[in-house]
Amino acid sequence: MGNTLEEHIKRTRQLLECGEVAMVIGYERGSVENRRRATFVKEVSELERMVLDGLCCENLANYLVREELLRSFDGKKVAIFLTTAGVRSVNILAAEGQINPDCVIILGFEAEKPGELDSAIKMLDGEHVDHYADSIQQLKSRGFVNDRAQVIVKLEMMSAEERFAFWREQFSRCVKCYACRQVCPMCYCRRCIVDCNQPQWINASAHDLGNLEWNLVRAFHLAGRCVGCGNCERACPAGIPLMLLNQRMAQEVLKEFNHFAGESSTQLPVLADFKKDDPETFIL
Amino acid sequence: MAQILEKNKLDEMIARLNGDGCEVFGPRKNDTSSWYGKISRAEEFCFDQILPDRPLKELFFPRTEPMMKYEIKKQQVDAENYVLPKKQRVIFGARPCDAVSLTIDDALFAWDACDEFWFERRENSVIVSIACNKKDDFCMCTSLKSSPDVSTGSDVLLHELVDSAGWRVSAITPAGQDFIDKLGDVFSTTSTDVSVKPPAEVPVKFDLDAVIRKLNSPEIFESDFWKTISVRCVGCGVCTFVCPTCHCFDIQDEGDVYHGVRRKNWDSCSFAMFTRHASGHNPRPDQASRWRQRIMHKFNYYLERFGQISCTGCGRCSRVCPVDMGVTQTLVTLSTNGGK
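Chains A and B, in that order, give the protein sequences.
For the first sequence, position 151 (counting from the first letter as 1) is numbered 151 according to this note's numbering, and the numbering increases by one without interruption.
For the second sequence, position 297 (counting from the first letter as 1) is numbered 297 according to this note's numbering, and the numbering increases by one without interruption.
Wrong hints could be hidden among the right ones.
To be clear about the criterion: a stretch of chain A counts as covered by chain B if any three or more of its residues have a C-beta under 8 Å from a C-beta of chain B, and this derived list gives those stretches [to be verified]:
# : stretch
1 : 168 to 177
2 : 180 to 190
3 : 200 to 206
4 : 232 to 244
Because the hints were derived from the structure by calculation, they are not lab data.
Every residue, glycine too, gets a C-beta built ideally from N, C-alpha and C.
All chains should be built: construct the whole structure from the sequences, respecting the hints.
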């Protein structure tokens, strides 16, 4: 059975009418022609402002962990438009105990050419996050075939000094606006490490050292958790290629631990779990 | 009669200024971002963008800067103020909206205490702006009762010639006249009038007076409007950091128990941490109240205290907002029927 966009819309209408969901999170037209943005629909009459096309790139799973919105769900379910990357975020949020996956109805879709207005949209089958296991497996078996992989190879060929100089230059533009953190579904900490000052783990200033500390801490915190949605890189006002870091970490975790972030809602976190018979002795 | 600066004279201008110990800054660009940075050769300038991603305030109020260093000893504390190196600067190719922002922030930085870092740099800088003959969907200077060729805040204002070969030069302030006189024959003089490109036609997006009236009405503060309009705000600091007039900062001591550096860092009212008390109480507990503060500060409190609106209409906040929010939509809604 292949869901069509019409079926998705019919389903959202049903869900709202019967009161099963408190809200549908999807996309609407943005402030200018080529922009789409999140929309939060509570009434059937508001459904008409929703759109779905190739420009709908933002991973909306971020809004599932926003406190203010959660309060308005009122114990009811929420329906949300997500790509496979978004579905993976839901898996991680469930695995890490942040959301109850049974309360999220997923309307899955995938753009053939993300970022392009006339891209064909494929609707994915399923509603519960567990229904999307096949799509996620397909993504996993495809591996990291994108233009980023080539850039990563180039970076790998640099000497350590050259690579350090490359990242230092990139991070020097960071202004610490924390947009990368705020748009990331995985950055749900109530109090981020950079906001702690007793003790101050990370320099608050946006100087070279402070920027390096922040960006590296974030990259490590996302290792094995980043689903590659690209929200952070699109949000960065300084144009720092954050996905180069995140993808490199994801490749490493896949290679070393066969861990593909967000594979299932019961997946154990790769850097926060251990086995008693682990051959490495430094852990226990 | 008009004075002309030809684009092929820029290298000569830079060399002359550098020779007099004066640094040149201007709009620059790389693959991923643009900013006002130091210029040593004319080819580094990038004049063909609407405006740089990062605002001019960076050159006067950097995102982080040392104020003093300190050392705590058994019987005493040694503190040494950080002294700015005295450097004359010319900022060439600023956008008029960015030049305006400096005069807006002057009021704040001279308020109860005089911010010496800001004014030291202000006094040592000559601002040469280029009137805009292009705009994009986000430009809204006209909505703020300003214009693409406003001269406020500029010492010299340039208008691009119709043949794009250079600019017509107008001195706005005595410092600007001085700049022109010193460079002398870098400029050429024509006895006839010259044709310059007309300023960009920036449509008016909202009625500023209606916004001000609405924000003055007693019911607006507690209105649900703020929740509705800010529903997608994720609480990052992008809009405040790219804003040419946002000036909030945080003072941080960096170091260990015995010595360190006191720094002044950009801060943002969008951050939950901005108003969080040590007790854990937060008087602005949600994004809606933070967004209200941002709008009220710019279009109500600042106006009441300093007689100016703290917005130049550059549009950067809306241009870069990762969730496509920005100030513009809020103002448009306030000026029509929103905020009831």
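Verify the coverage statement for the stretch 168 to 177 of chain A against chain B, using a C-beta to C-beta distance below 8 Å and requiring 3 or more qualifying residues.
Satisfied; 4 residues make the cut.
Count residues of the stretch 232 to 244 of chain A with a Cβ under 8 Å from any Cβ of chain B, then say if the count reaches three.
Held - the stretch 232 to 244 of chain A has 7 residues with a Cβ nearer than 8 Å to chain B, which meets the minimum of three.
Taking a Cβ-Cβ distance under 8 Å as contact, does the stretch 200 to 206 of chain A have three or more residues in contact with chain B?
Answer holds; 5 residues pass the 8 Å Cβ test.
Does the stretch 180 to 190 of chain A contain three or more residues whose Cβ lies closer than 8 Å to a Cβ of chain B?
holds (count 3)
Violated hints for the displayed structure: none, as all numbered hints are satisfied.
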